Amino acid sequence: MKSSLARFRVMAITAGVMSLLLWFVDLPVAYLLNNPDWKAAVAWIPFVHGWVYFVYVIAALQFSVKAKWPISKILWLLLAGTLPVASLIAERRVVRAYS
Amino acid sequence: MTAQTSNSFLSKVGQVVAVLLIVSLFFALGLWQLDRAKALKQSLVIATAVDTNIVPLTSIATARQPLSPEAMNRTVEFSGNYVATYRAPNQADGDGQVSDWEVGLLQVGTNQGILVVKGLWSERLLNPDISMAMVIDIKGQLRASQSEDHAVNGDGAISRLDSSVIVGLTDLDLFDGYVMASSESRNGDEFTRQRLTPEKLSSRVSGYYWQHISYVVIWWLMAAVVLYLPFYRRRVKP
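As given, the protein sequences belong to chains A and B, one line each in that order.
Going left to right, the first sequence walks through residues 26 to 124 as this note's numbering numbers them.
Going left to right, the second sequence walks through residues 5 to 242 as this note's numbering numbers them.
Worth flagging that the hints you see were computed from the coordinates, not collected in a lab.
Small disclaimer: the values here were computed from a predicted structure and weren't measured.
A couple of the hints might just be wrong.
To be verified - With the Cβ distance kept under 10 Å, some of the chain B side facing chain A (calculated, not the full set):
(1) V27
(2) F30
(3) R40
(4) W214
(5) Q215
(6) M226
(7) V229
Note that beta-carbon positions come from the ideal geometry of N, C-alpha and C, so glycine has one too.
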């Protein structure tokens, strides 16, 4: 349980940072600014975010199944990785509940 | 069968149908992302391929029509008269060298025109013998219009290599895109000057391709999670 909690925390923080970069750096550059150089410079963000979210889902599933959470709570935890800040909030709440 | 067992059976059937629907949806979303990844790979292969067979310009492009993906980067030949000259500032060549380019508007036939990159702006006086009355034969690579400005329009300068920026300056029907001239000649006599190499075509297919693949994996993982959920036993409070 302790190791799955640690894995979840690492992935929640990483996914949170990647979501912030995706929403507030990549998307404005891609859709609001017309600068190909900047677009090329931030092209790695959605790619990395996609794979980080995949690992986040695995870590969140492992933790929540071990904790025997209800299904609705598990689904909210999985969705938290897609929104900026949400996974960071989830990580704080989980730490408060399980530390 | 009692009403209670009947309701329980219907509830189970409902759950199975709901799970299958959601799994099908997630699986289809994964397939959609897989198709997008394949399409992206295919489009970038077309966009970065260079066919060196020389074809007449009008056989692959039509004035006032967008360039087809198959026409981009083809080597074309055509003839006409230069009717205007522009400076295209801050253009990067294949070596990344940034300089001002000389761009001619070549009238093709009676009422069509296309932008032709002739060479460096600083070498524009090397061929003073080219006059508007001469029919010039051009060979070069047909390129897609630039989408981003490199300078400000005005004073004989065009902001980017894009026929739409000179629409108001000519009555000709303009071809989409522009041509990077590799040779200019008249009656077989070639005009000698340094020709510019086009900016290298780069494919960022690997990054974006793997981004779509990551979404495929996530959708299918979600489908697997939904399949697992009916078998999941959560903690039962005593």
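To see whether the hints hold, each was checked on the structure:
A distance limit of 10 Å between C-beta atoms decides the matter here; for V27/B the minimum to chain A is near 14 Å, and the interface restraint is violated. Against a cut-off of 10 Å between C-beta atoms, the interface hint on F30/B is violated, since the closest Cβ of chain A lies about 12 Å away. Interface restraint check for R40/B: the shortest CB-CB distance to chain A comes to about 13 Å, outside 10 Å, so the restraint is violated. With a cut of 10 Å, the hint placing W214/B at the interface with chain A holds, because the nearest CB-to-CB distance is about 6 Å.
Nearest Cβ of chain A to the Cβ of Q215/B: about 4 Å, under the 10 Å cut. The hint holds. Here the hint on M226/B is kept, as its CB sits about 8 Å from the closest CB of chain A, short of 10 Å. Hint status for V229/B relative to chain A: holds, with the closest Cβ pair at about 7 Å, below 10 Å.
In this structure, the hints that do not hold are numbers 1, 2, 3, in rising order.
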